[in-house]
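From first to last, the protein sequence lines are chains G and Z.
Using our numbering, the first residue of the first sequence is number 198, and each one after it goes up by one.
Using our numbering, the first residue of the second sequence is number 43, and each one after it goes up by one.
Keep in mind that the hints were calculated from the coordinates and are not lab data.
Partial list, computed: chain Z residues near chain G (C-beta under 10 angstroms):
| no. | residue |
| --- | --- |
| 1 | Gly78 |
| 2 | Leu79 |
| 3 | Lys88 |
| 4 | Ser150 |
| 5 | Gln168 |
| 6 | Phe176 |
| 7 | Trp227 |
| 8 | Leu238 |
| 9 | Trp260 |
| 10 | Phe291 |
| 11 | Ala316 |
| 12 | Ser324 |
| 13 | Val329 |
With a straight-line cut-off of 20 angstroms between C-alpha atoms, the simulated EDC-like cross-links for lysine to aspartate or glutamate are:
| no. | chain 1 | residue 1 | chain 2 | residue 2 |
| --- | --- | --- | --- | --- |
| 14 | Z | Lys164 | Z | Glu229 |
| 15 | G | Lys302 | G | Glu363 |
| 16 | Z | Lys201 | Z | Glu213 |
| 17 | G | Lys302 | Z | Asp66 |
| 18 | G | Lys302 | G | Glu367 |
| 19 | Z | Lys88 | G | Asp333 |
| 20 | G | Lys305 | Z | Asp66 |
| 21 | G | Lys239 | G | Asp253 |
| 22 | G | Lys302 | G | Asp369 |
| 23 | G | Lys302 | G | Glu370 |
| 24 | G | Lys239 | G | Asp457 |
| 25 | Z | Lys164 | G | Asp206 |
For each residue, glycine too, the CB sits at the ideal point set by N, CA and C.
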Amino acid sequence: MVENRTLGDRLVNALFYLFLTLVGLLCLLPIVHILAVSLSSKSASSGNMVSLWPIDFTLASYYTVMSSTAFVRAIGVSVVRVLLGTGLNLALIILCAYPLSRTAKEFKGRNVFMWLFVFAMLFNGGLIPWYLNCLDLGLRDNIWALVLPGVVQIWSILLTMNFFRELPRELDEAAIIDGATHWDLLFRIYLPMSLPVLATVILFAMVGHWNAWFDGMVLINNSALVPLQTYMRRIVILGDTVSMLSRFDASLEEMLNFSDRSLKAAQIFIATLPILVTYPFLQRYFIHGIRLGAIKG
Amino acid sequence: MTLRTHARPAMLPKKPFWQSLALDRTWPLYAMLLPGLLALYLFSYKPLYGLVIAFQDYQPVNGFANSPWVGWANFEDLFSREEFPLLLRNTVVIALGKIVMTQLAALSFALALNEVRNQLFKRSIQTVAYMPHFLSWIILGGVFIDLLSQGGAVNSIIKSFGMQPVTFLAEPDLFPGLLISTHAWKEFGWSAIIFLAALTNVDPQLHEAAAIDGAGRWQRIWHISLPAIVPIIILVAALSLGNVLDAGFEQILVLYNPLLRDSGDVIATYVYRAGLERAQFSLATAVGLFQSVISLVLIITSRWMAERFAKYQIF
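So that you can see chain G by itself, here it is in the shape it has in the complex (with noise of 0.2 angstroms):
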């Protein structure tokens, strides 16, 4: 568009690339800081000379974290829900938005329906009555406890909806006319032109089952089934450096050739990993699923 010529111009250009590459480096920096440590030896990170490269590199944090039973067997957990919990989430979406995208002339009852989704979105009871729920269902110290109780993502329901909304009304009617059933109508013709949408709320669910601890925190006491993130407070925030001990099977004299620093920072950064190489793919879909929420709505 406007093209800079002036002298001043080109300055007050250089000040936006400057200001924006500084915000950029204020969101990556904690990051690279942190991986930074979890590759220096125990001397250098104890000793607070780490700053963003490592030194003296070694990966021994990365060994000693990936063979401790606990934070391995903690990320199958987590890979397991996530897998679990996203199919169910990513079912119930489609089978939800689809009937709830339909007009209420069309689909008699659609707008109580509607409403009832809506007022949960709205309202909810709170953490106890959440709690006494959750237990009442049998939904404690099992996977179910980790996938159920989020099973219907409300939010993403409506984005799908809107989205299945703004597809051509012209295709159903060719299509009805052909004989075709609703379930024809949203297998073959409206998922396949969802990709967009589709991929946005996958990302939504699988982001939000990664990230999840406070549901493993109070639902989960049987430490076979604790997820990544649960296991990770009580290492990385709470500092439970004995525990951790107890669990590794690295006997105490090659633990101590560690530093508690490193080997949290490894372990912040295998719990950032997925999330890192993941969303920068699916970042053109979600941009344009935000949008249509928010703007379109």
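Once you have looked at the hints, place chain Z on chain G.
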């Protein structure tokens, strides 16, 4: 759409209700919605029944059915507690601080990004700025606790300027500011998406015409870009009203320690500690209900305002 009811014998002049449903054609719609409605009942509506314990002296052994009713006693107890005004104040101060700081940062970021022409640079900065939104407070808590510790990176910088190190996570006065700024750091990029979307809709010819008339860069931002997104700013501000009791439960639970009780305890963390740590179920439910009802009123008001002032329609 055609209703294929002609095959049925017409029993009455007016079609009965079940026939108006045209189930031969629409039954898949009801079948599709059924699992979702069932889950919605189990996990959204069934828990509401548990709100009765806010009006009981609930003991787990007695259950909902046999716990004695106490009317509004739990609420009277709550409102007369000396920590209640503090909780309310902390909640609103932290939540409002977060809204204002995050949205201002997002707005400046979006306006600056809109001035940049290099698409690769633009996209890279966006990717980096959205990243913190996707990280959990456990991970970021670990990062910030490390950065802000006595020997952490932030104190190393402070010491290199010859100043005294600060015990960030033990100073009640610093805690609200810490919560607000780390939240803004996490969410400003994500919050900027809506502003960026609005800015891309501005007609480039407006900028060109203004430049020909001699308007400088700052003038164009002030007189073209900013007015173009004022409706979105009003919309965001109106919708934010629904969040003024949302101080960020997970973030506080992660960064909190007993030294920070006076400035860091908010309604949501109080519910958690009273209910799940001290087993005062009735009191905690009353506190939660108080928050839910006020939030509902605020959200409805904010949607109404958004609809009225920014022509925003969500459903």
